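There are 2 protein chains.
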Amino acid sequence: MTNLLPVLDHAAANVPAALERLFDLLRIKSISTDPAYKADVRRGAEWLVSELRTLGFDATVRDTSGHPMVVAHHEGASTDAPHVLFYGHYDVQPVDPLELWENDPFEPAVRDISGGRRIITGRGTSDDKGQLMTFVEACRAYKETAGALPCKVTILFEGEEESGSPSLKPFLEANAAELKADYALVCDTNMWDAETPAIAAGLRGLVGEEVVVKAADRDLHSGYFGGAAANPIHVLADILAGLHDRDGRVTLKGFYDGVEETPADIKATWDKLGQTAEKFLGEIGLSVPSGEKNRSVLELTWARPTAEVNGIIGGYTGDGFKTVIAAEATAKVSFRLVGKQDPGKIRDAFRAYVRAKVPADCSVTFHAHGGSPAIQLPYDSPLLNKAKDALSQEWPKPAVMIGMGGSIPIVGDFQKMLGMESLLVGFGLSDDRIHSPNEKYELRSFEKGIRSWVRILAALAAR
Amino acid sequence: MTNLLPVLDHAAANVPAALERLFDLLRIKSISTDPAYKADVRRGAEWLVSELRTLGFDATVRDTSGHPMVVAHHEGASTDAPHVLFYGHYDVQPVDPLELWENDPFEPAVRDISGGRRIITGRGTSDDKGQLMTFVEACRAYKETAGALPCKVTILFEGEEESGSPSLKPFLEANAAELKADYALVCDTNMWDAETPAIAAGLRGLVGEEVVVKAADRDLHSGYFGGAAANPIHVLADILAGLHDRDGRVTLKGFYDGVEETPADIKATWDKLGQTAEKFLGEIGLSVPSGEKNRSVLELTWARPTAEVNGIIGGYTGDGFKTVIAAEATAKVSFRLVGKQDPGKIRDAFRAYVRAKVPADCSVTFHAHGGSPAIQLPYDSPLLNKAKDALSQEWPKPAVMIGMGGSIPIVGDFQKMLGMESLLVGFGLSDDRIHSPNEKYELRSFEKGIRSWVRILAALAAR
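Line by line, the protein sequences are chains X and S. First residue of the first sequence: 2, per the working numbering; consecutive thereafter. First residue of the second sequence: 2, per the working numbering; consecutive thereafter.
Because the hints were derived from the structure by calculation, they are not lab data. Where hints are given, some of them may not hold.
The list treats identical chains as one, so a pair stands whether inside a single copy or across any two.
To be verified - Under the rule of at most 20 Å between Cα atoms (straight-line distance), these lysine to aspartate or glutamate pairs were calculated in the DMTMM-like manner:
(1) Lys153 with Glu76
(2) Lys215 with Asp320
(3) Lys215 with Glu100
(4) Lys215 with Glu279
(5) Lys268 with Glu293
(6) Lys358 with Asp239
(7) Lys294 with Asp239
(8) Lys358 with Asp246
(9) Lys398 with Glu448
(10) Lys280 with Asp362
(11) Lys170 with Asp343
(12) Lys144 with Glu21
Values in this document were obtained by computation on a predicted structure and should not be read as measured data.
Between the sequences and the hints, there should be enough to build the whole structure, so can you do that?
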């Protein structure tokens, strides 16, 4: 640890320049889910390659059938030290509704807010450009002080994380030898709170489905046909309303197969964190827990599966009124998975449930949008313990092991396809409004995130 | 009837010129429900005034707080003959989804289709510009042959029929003396079939409601909050799914108050028309009657009340997928009323039902979109019988008295505010696709519609 202080000092002193680099990346509109931004996504990859080359990485843009990957390699100072693969994603969510943003989502800025906090505003600040740049800047701090990285580093940046990562598995498969490392570092998660760093040991899986119900072969006048012709919005509403029972449980056949109760000792740890429904929901203007009854909000969001309708549209939705019976109606539905729930079986159960509800003269089509099982990492591995100690030295409070409600399918892919465990460390906060208007990242998360990676790399290298 | 033949011949001979005039009107994008077309709606009114003045009408554009009215007066040849008020509307429905139109909705044309039929294509051809011009052209035929109209005619053209007619009642009230006639002629309805003219004796009423359910104060990430935070799309789906019971009946409290069973003799007349669910629904690509069980499709659409969701939107509805829990979700819902159902009570019952379903930490807002009771005209009045005879002379098959599923609130307003009964005669067909892409009007409806009004005016004048 004798060499660490100058690296940490350098990281702190260079934050203004690091912010300029981050802003350059944030200005690129790399919205992967919308085909209109295809060229912008590629520009994001190219920017990162250029950036990594200034640090001595052997970096390239790698084409896929979708958006490109960035792959970069750097040797370490010691051949004894482990080889790590760092993963992040440079694509971002769409920004609609644009009118709700207080600042331009693609013109980042640092703003002072209440409580002496300083935030970086803009789409992708927290998810995930700001997070991935904490690692890149940690590498820069090593290069510009020690002249080398403490261990061999491979970097994989993806441009399709927000649109279901369709190219990821084929890419890992085709490049397994090149990408295999001793373990993966993933920076796409949250801290417990602004004082307490966290390592995510559990991640929910995800199944996405788009369902289109079609009825008449055209939009109908609700006066002439109303009362006799099937209305696809009614059919869809009935389908969606039936997904949950009165106790908030999901009704799909076999949905809870593979779902286990959280062990009592883990639950006890979570209870000690002091989270309450009032606090958790109060932040977003709500107060009453939805979903399954008699479970804490941490359990509901970390350890229980869900079904959520993410979008719905049908009929006339403009200003005023149009007395139409629509020809079709569409919903996007996602399931968060835990334990050993099987994404394929959940998808099949959903489709069977929907088909059984669709009237004989209507039809239904499905579009699959991603599917990944849940991940549960061992709570007491040496890897996690080293990272926990390193984080605890940087932040005011010791690091905690938490669950995560979101899905990071790549962690499962690393496990299955490359035989690598992942260390999930991130510096987001729950009020970062990721996927929503006014996304932000704490300036402190960026500063101390860089220093956290400096410490973690040192800890991992010292074996 | 001796003078009628030259008028009818003139009408037939002048169809090409009449079509040119109709096309001029159809090209005006008078979409009343969308504020972007406000100036186009006014242009529609101005065009009609100019047209009516060429026929010797004292015609004016009359401002309202919404879109303008057109009012025109013309004396008749005989002071003995009754004074009639003709009503039509020159505004049209929106045209989305535009990509489904085979021809430009605002560039009308005559096309040959299968079965030797010729159609006029475009928005408003059937609803209601093509229909109202049959009357204007009948007046022209009289003027250009006899030099006079057979009776005193007042014309009222409205520009807000497709957006709930907000200015109509105030306008009728303010101009009651000017608009009062012996009875009203309304041309906004259908024939029974292409051979059989029809007079509509019953019209369903309408209540429109827009409901917005709000949950969290922002869009949420479904990973972080899913399973704990209320999802407004779920709340809305539950509300809409609960509007009907398993037998297709509407569940609102008191909904069927004032709904009477159709008399057996009327039902028998309808049964003789030979309509079947297969034929009626087959035209639109469906086969299974929706709505209430064990009732004929004519009863369902003419004599039974309904609840229909006309539009729904919430969350992410673009390409791809976004794992968001929306902050709000919106539906447009309409109720078709029959008998003595009270629009105000139906609206109140709907709002009470919705409020009871909304969770404590969510909120709901409502926007009213029009409300009018159902109309039932006497089946055996002299007015209806004269019109029935006149129509039966023009068309291959005798005219029938039918019910109508759509709502024409003005008929109720004429009854209540001006003490006038209405004669509802129109030449639309059920496959005219009104309110939908590819709206059309049969060329034959236009030609014989003009001649029908020539005959009806003569019949009414001969008292």
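Hint check:
no.: 1; hint: Lys153 with Glu76; result: within (4 Å within a copy, 98 Å between copies)
no.: 2; hint: Lys215 with Asp320; result: between (24 Å within a copy, 18 Å between copies)
no.: 3; hint: Lys215 with Glu100; result: between (32 Å within a copy, 17 Å between copies)
no.: 4; hint: Lys215 with Glu279; result: between (41 Å within a copy, 18 Å between copies)
no.: 5; hint: Lys268 with Glu293; result: within (16 Å within a copy, 51 Å between copies)
no.: 6; hint: Lys358 with Asp239; result: both (8 Å within a copy, 15 Å between copies)
no.: 7; hint: Lys294 with Asp239; result: between (22 Å within a copy, 18 Å between copies)
no.: 8; hint: Lys358 with Asp246; result: both (16 Å within a copy, 15 Å between copies)
no.: 9; hint: Lys398 with Glu448; result: within (16 Å within a copy, 85 Å between copies)
no.: 10; hint: Lys280 with Asp362; result: between (48 Å within a copy, 14 Å between copies)
no.: 11; hint: Lys170 with Asp343; result: within (18 Å within a copy, 61 Å between copies)
no.: 12; hint: Lys144 with Glu21; result: within (18 Å within a copy, 79 Å between copies)
Taken one by one, the earlier hints all hold for this structure without exception.
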